[in-house]
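Asker: As they're listed, the protein sequences go chains A and B. Take the first sequence: its letters are residues 1 to 498, numbered as in the working numbering. Take the second sequence: its letters are residues 1001 to 1164, numbered as in the working numbering.
Just to be clear, a hint being listed does not mean it is correct.
[Said to hold, decoys possible] Some chain A residues well away from chain B (every beta-carbon gap over 10 angstroms; in silico):
| id | residue |
| --- | --- |
| 1 | THR6 |
| 2 | THR137 |
| 3 | SER191 |
| 4 | ILE205 |
| 5 | SER226 |
| 6 | VAL254 |
| 7 | PRO354 |
| 8 | THR378 |
| 9 | PRO395 |
| 10 | ILE402 |
| 11 | PRO412 |
| 12 | GLU449 |
[Stated by the list, open to error] Listed next, the in silico DSS-like pairs over lysine-lysine satisfying Cα-Cα at most 25 angstroms (straight line):
| id | chain 1 | residue 1 | chain 2 | residue 2 |
| --- | --- | --- | --- | --- |
| 13 | A | LYS285 | A | LYS296 |
| 14 | A | LYS285 | A | LYS236 |
| 15 | A | LYS231 | B | LYS1085 |
| 16 | A | LYS285 | A | LYS231 |
| 17 | B | LYS1085 | A | LYS429 |
Since the hints were made in silico from the structure, they are not lab data. Here the structure is a predicted model, which is why all the values come from computation and not from measurement. Virtual Cβ for every residue (Gly too), placed ideally from N, Cα, C.
Next come the chains, spelled out residue by residue.
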Amino acid sequence: MLDNVTQLFQGFSVALTFTHIALMFAGVMFGLVVGVMPGLGAPNGVSLLLPLTFAMEPVSAIILLTSMYWGALIGGSTTSILFNIPGEPSSVATTFDGYPMARSGHATRALTYAFMSSGFGALFGVVVVTLLAGAVTRFALLFSPVEYFAVFVLAFASFVAFGGSSPMKTIVSIGMGLAFATVGMDTISGSVRLTYDVQELVRGISFLIVVIGLFGLGELFETMQSPVTAKALTTKLDLRELFDAIRTWPRYWVSLLRSAFIGCWMGVAPGGPTAASFMSYGVAKRASRKPEEFGKGAPDGLVSAETADQAAGSSAMLPMLALGLPSSATAAVLLGGLMIWGITPGPTLFRDNPQFVWGLIASMYLSNVVAVIMALATVPLFARLMQVPFSINGPIIALICIIGAWTVAGAPFDLWLLLIFGVLGFLMKALDYPIAPLVLAMVLGDRTEDAFRQSMLLSGGDALVFFKTPLAASITGLALLFLMMPLVSMLRRRASAA
Amino acid sequence: MPDTRPVVTRRAAEIGFAIFTAALGAVVIYGARDLDTGWSDTGPEAGYFPYRLGIIIFVASLVNLARAILRPGAPYPFLNVSAMKGLARFALPLIALIAATPVLGVYISAALYLFVTIAVVAREPLRRALSVAVLLPVALFVLFEFAFKTPLPKGPLGPLFGML
């Protein structure tokens, strides 16, 4: 662990340059915009910015994009509290108590609690990443392709079991993601797959187009069914209440610590910020002595949701870097970015490219503090921005999505693909098909298949290889257990109904 | 007043989408069958993985389809008339923008798109529409050409900038 701290200080020497600090501010600012505006969520925002980083140093690029992620996670709560409109899916739980608090005249208090809790959750998450990095990478070094395949299956299985959507719909989402990933050139055999003689499909389907379509256009289609312009409760901050809120905020330390733990758990194991904030809110309500106040402006509920949200976001960087395993859609996009920049995630990354890894981790300490301060400072600005009629904001966001898709490869075909995925995203969302597993499957698709083929090659085609070593057997067993869970709970429901 | 007569019911939408994903699974199976779906000395062939994926998508879709048919559909509509109109107002200019971008370049089509959506579709004041339609493409131009150094297609404006 001491070794990690030394590495961290070297990371600070990477992160604390003028360029990188400027990138943090720029990233957080972009992120706040993205977090506030509907149709521009964190995964979509990171995808839009990613093509512009192709020429950058990888460490600069990741600092810019992760700062954007922190900004988006925190910015999502501004609209939750002032408008009762979650800017991000992960800030839905923030509306439960944040909006009632604001409506009763304490908007500044609610915003301050939310941002401070976000900051606390994020920093807690980064500390966890710092302390566990060494141990997790040593553990990951034990992995062969067999264990990797098992871990990927486990990630998919946990979406089926805990994703909250119908298991069969989740399986269809994952299957579609994996299938989209196989389109184009097969890296092992060199043959062209699933292109149906469409020349444009030979280079494959870019996950960036898919994310911009599903999350960006898809959400716009949903909003445009009945565009309404939101009314802010207030666009001003009350400075006296702000300082009073900062002073009283530490009172909620029990909720803060508990939620930070829940957030980190959901960040490291696949679940992501959205699941983390809901779970943390639920636990806080059950643990509270006054559960009847939840939903009516209980500070504990607000603090719990926000802390877990941000803790999950930042701790998700650990499995992403050490195993190449993202636990949320945004982490999946960042992972795709790593591969485009020529960086292979995994335990060897920590050994071969400590500058990159520790530069990123060190930057997370700084950029999250930047995010809290900037989020507070920009409340009046964004509250006004949200009041621009959506019939104007909507087309502007759509235009940004189109340009973003163009910058991926400069191909007209991609724009049509974007439209198709936009419609798909709209339908999936409306019919409760989960979108995040599709994105995860798409980014992990090639590596899942490679791991499977290598495992089969190692074992000479014996599928039991996934149970050969104790490590592989326990991961595969857990995955199978997760896949069985919906079935078991369904049978139990039937039995109790009968 | 919003027109809430249903265009598509929730049940029909569920059934339609399950048929769509089942068809997608079938297309994947068909595409994988063109390749070798079995084994070689180098392990599973190129079609092995997609073939099985196709089957998984197809079977899971059939389960969703059966559920959608058997369960009495929720009474609320999936799309009503006014939502459909809202979607069309947004989607049609967007399709025009996608078709125009490779021909007219990003900046001209962006200006036209913004003007049409804000002035004609949303019926905002002309002055507001014009200022967004002019200022935003100019801002994008400065941002992409100079700050990001990522030139975007300029269409007929291209030669003009070549001379600069």
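Asker: Does A/LYS285 pair with A/LYS231 here, judged by a C-alpha cut-off of 25 angstroms?
Answerer: The hint is violated at about 29 angstroms.
Asker: Please confirm whether A/SER226 is truly not at the interface, meaning its C-beta sits more than 10 angstroms away from all C-beta atoms of chain B.
Answerer: violated, 6 angstroms
Asker: With a cut-off of 25 angstroms on the C-alpha distance, tell me whether A/LYS285 and A/LYS236 pass.
Answerer: violated, 30 angstroms
Asker: Would you check whether the claim that A/VAL254 is not at the interface survives, using Cβ distances to chain B and the 10 angstroms cut-off?
Answerer: holds, 41 angstroms
Asker: When you check the alpha-carbon spacing of A/LYS285 and A/LYS296, does it fall within 25 angstroms?
Answerer: The given pair, whose Cα atoms are some 12 angstroms apart, holds under the 25 angstroms limit.
Asker: Can the restraint linking A/LYS231 and B/LYS1085 be considered satisfied, given a maximum Cα separation of 25 angstroms?
Answerer: holds, 24 angstroms
Asker: Holds or violated: B/LYS1085 with A/LYS429, Cα cutoff 25 angstroms?
Answerer: holds, 19 angstroms
Asker: For A/GLU449, which was marked as not at the interface, is the minimum beta-carbon distance to chain B over 10 angstroms?
Answerer: The claim breaks: A/GLU449 does not keep its Cβ more than 10 angstroms from every Cβ of chain B (closest is about 5 angstroms).
Asker: Find the nearest Cβ of chain B to the Cβ of A/PRO395 and say whether that gap is larger than 10 angstroms.
Answerer: violated, 4 angstroms
Asker: Does the no-contact call for A/ILE402 survive, Cβ to all of chain B over 10 angstroms?
Answerer: violated, 6 angstroms
Asker: Would you say A/THR378 is clear of chain B, with no C-beta pair closer than or equal to 10 angstroms?
Answerer: Non-interface label on A/THR378 holds, nearest chain B Cβ at 19 angstroms vs cutoff 10 angstroms.
Asker: Non-interface claim for A/THR137: all C-beta distances to chain B beyond 10 angstroms?
Answerer: Correct as stated: the minimum Cβ-Cβ distance to chain B is 28 angstroms, above 10 angstroms.
The structure is inconsistent with the numbered hints 3, 5, 9, 10, 11, 12, 14 and 16, although it conforms to all the rest.
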